[in-house]
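Asks: What follows is the residue order along each chain.
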Amino acid sequence: MSKLTMALKKQGLHALLMSRSNPDAISKHVKWLLRHDARLQHRVSPWSDPEAAASRRQKLRVAAVQMRACAVGSGKAYAELVYRLAARAAWEGASVVVFPEYSGLPLLGLVPGASKVASSAPSLEDASAMARGIGARGAPSDLFALLAPYAQRAYVSTFASVARELGVYMISGSMILSYEAGGVTGLQNMGWCFGPDGSRVARYVKCHLMPMEAQWDLKPGTSLAAFSLGGVGAAAPICMDATYFETFRVARAAGADIVAVPVANPEPYNMWYALRGIWPRVQESQVFGISSCLVGKFAGIEFTGRSAVVCPLEMSPGGDGILAQASSHDDEEIVVADIDLDALHEYRASNPLRFNPKLYSNYPVGLYDRARSARREERQRHASHGTGEDRGGGVRTP
Amino acid sequence: MVALACGVLQIDPGDYHTAHEYRLGVAARISDLARDGARLIVMPAHLAMAGAVAGRAMPPGTGRSRLASLAWAASVVTDREIRDWQDFYSAAAMSNKVYLCPGSYWVQTNGGYVHRADLHSPEGEIVGFALQTHSSEEEERAGLLCGTELPVFDVGGLRVGIELATDVWYPEVGRLHALQGVDVLVALTAVPSPYTVWQQTAGLWQVVQANQVFGIEASLSGRWLGARYHGRSRAFGPVECTEDGRGVLAEITAESRSDRFIVTLDRGMLRHARAVFPVFEHFNVGLYSERLSDAYLTDRAVKIVPADERKA
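From first to last, the protein sequence lines are chains A and B.
The first sequence stops at residue 398 when you use the numbering used here, and every number in between is there.
The second sequence stops at residue 312 when you use the numbering used here, and every number in between is there.
Treat the hints as calculated values from the structure; they're not laboratory data.
Only a predicted model underlies this, so the values are computations on that prediction, with no experimental measurement involved.
Please note that a few of the clues may not be correct.
Claimed, not checked - Sample of chain B residues at the chain A side, in silico, Cβ under 7 Å:
id : residue
1  : P171
2  : L179
3  : F283
4  : T298
Glycine included, each C-beta is placed from N, C-alpha and C at the ideal position.
Isolated chain A (complex conformation) (with noise of 0.2 Å):
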């Protein structure tokens, strides 16, 4: 192919992708969803009475969106996608809606073929090299580098359209976006909160990668976003985030009553496995849990999950610390609940946590790469060694 040619194509693909993810296109669509819903006709926000706003501060209904992962053409479908889950949430009452983490993978369907490619492809190392022929490289890395912008555009516009016509907090999952810090640039897993006026109330990016996403040549973030959805402390650490108390802890000490996890799991459904995450972090931290899982193949990935609201042990109904949770793990579901922020403040009073900060100076922060750095050559040496004890498995109990 001459570079005149190539040149003319990717002006092309340009072109078209700015199209697919005009901003005030999606904008004037959502608002056209929201006129013909008649469901949402007569609903007032929850956040737009100032009292109301107030009292809400101690009582919410939130909801988590469980999401089949599909692909989309435009970024109109996005916007119709998105509206017609956080929609059904909204219309059951909630005023906070949390998106799972890669909630905007439907957007590599503005990619031209990209759509069926997700569908058929055995994975996304196949579906970005299936997408060559018009500009992407082989890695997902360059395919999701080279939709970030206008991913970006269409996903923000999305989400913000939807909080503003819904009026209502909207914590919008993840999607692999493009950074640039310091004069460099990078991919990252990233979402942000949008308030009931639309606004960007936060961004929050993946601290901890999954192998996956190391393998991608993400980078993981420095920091975590703490912010106040109406006057409530939040936070939203992605998914293998929750494996790390540590997360918890700095998000409760940064103020957090609820934490919200987006979450995109790449492995058949188990409940213990499942239970690795937010669940264990909810117990020991005393904060509400809002886990939003990401559903069904894509690009030869299954993701699973049961989307849920959790709470500590003892302000659960069954005392299992489950306020609502979805009854599948494959299927798209909003799971609600009412989360009452005077009962966990009264809980946390009753049960306070107790630290020995004593103890923990005895261990300097420098054993965590140690750590790493032992388990990583145990990890090697076997591996030349060869010995197949990795095998694992069974269990030997004379």
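Chain B: place on chain A using the hints.
Replies: Chain B only, in chain A's frame:
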């Protein structure tokens, strides 16, 4: 292959009415476990001095508070008796050629009590001890003071750390142990009835998953000093090590008050889990350096044991 056969002995101390009965019963059960292959034997919280208080009557009203009962037990057991019982456990460890953690005990110290667990070696020595490092408000009101170190012991080629009671529900303890290279967390607990699987899951199970180590929870059962305990001792491993993904390697079921199990802890299983899901690889040390200490700026810090008593 580095593997350790670990035996858990869950007994109901209420079954023993005298110190002599307790000695005989426990010695026989330790020998049984050793004969069946256990090289590390662990008993639940508070059992180490249960024999010393067997048959003694608590003052009226003491039994109404579980923690007041523990403080009472610590106040009536003399230093001499503690040394006698330690000698008994050392002898049991030596004669059976096992490492033995015979449970824990509250012991009086300057200004209160500490909750302590000793580890006895096959050579008949106390190789070290651990102190409880986190306390509830109730424990503090009862006089409990906390330790400030988490020692690690080499047991048959595996590194072992000991957690006591409330420590299990503070993830900092498991993390600090794991950062020191611990492969096996031994947790001695005594949780009042009724049992809930969720409370247990929020404790050692999740610590094991977060750090990809083995967890041995020896949990007090039966009725003792006026309180009822739920038992349910369990051995945990990373979910990747179990066929059903539950992360339970062995357990004593609800119906059993006095029971035992032996589980083989094979380091190859840990390597497998760590290779499949390398949790430590993705620590965000910069974030922790900058922000984690903020979490501990609190006026609710636990009371700690005076420095000169920590090594006693």
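Asks: For every hint, state whether the structure bears it out.
Replies: Hints, verified against the model:
Residue-level restraint check for B/P171 holds (minimum Cβ-Cβ distance to chain A is 4 Å; threshold 7 Å). For B/L179, the suggested interface contact is upheld, since its CB lies about 4 Å from the closest CB of chain A, less than 7 Å. Interface hint at B/F283: satisfied, since its Cβ lies 5 Å from the closest Cβ of chain A, which is below the 7 Å cut-off. The closest approach between the C-beta of B/T298 and any C-beta of chain A is roughly 6 Å, which is under the 7 Å cut-off, so the hint is satisfied.
Violated hints: none; the structure is consistent with every hint.
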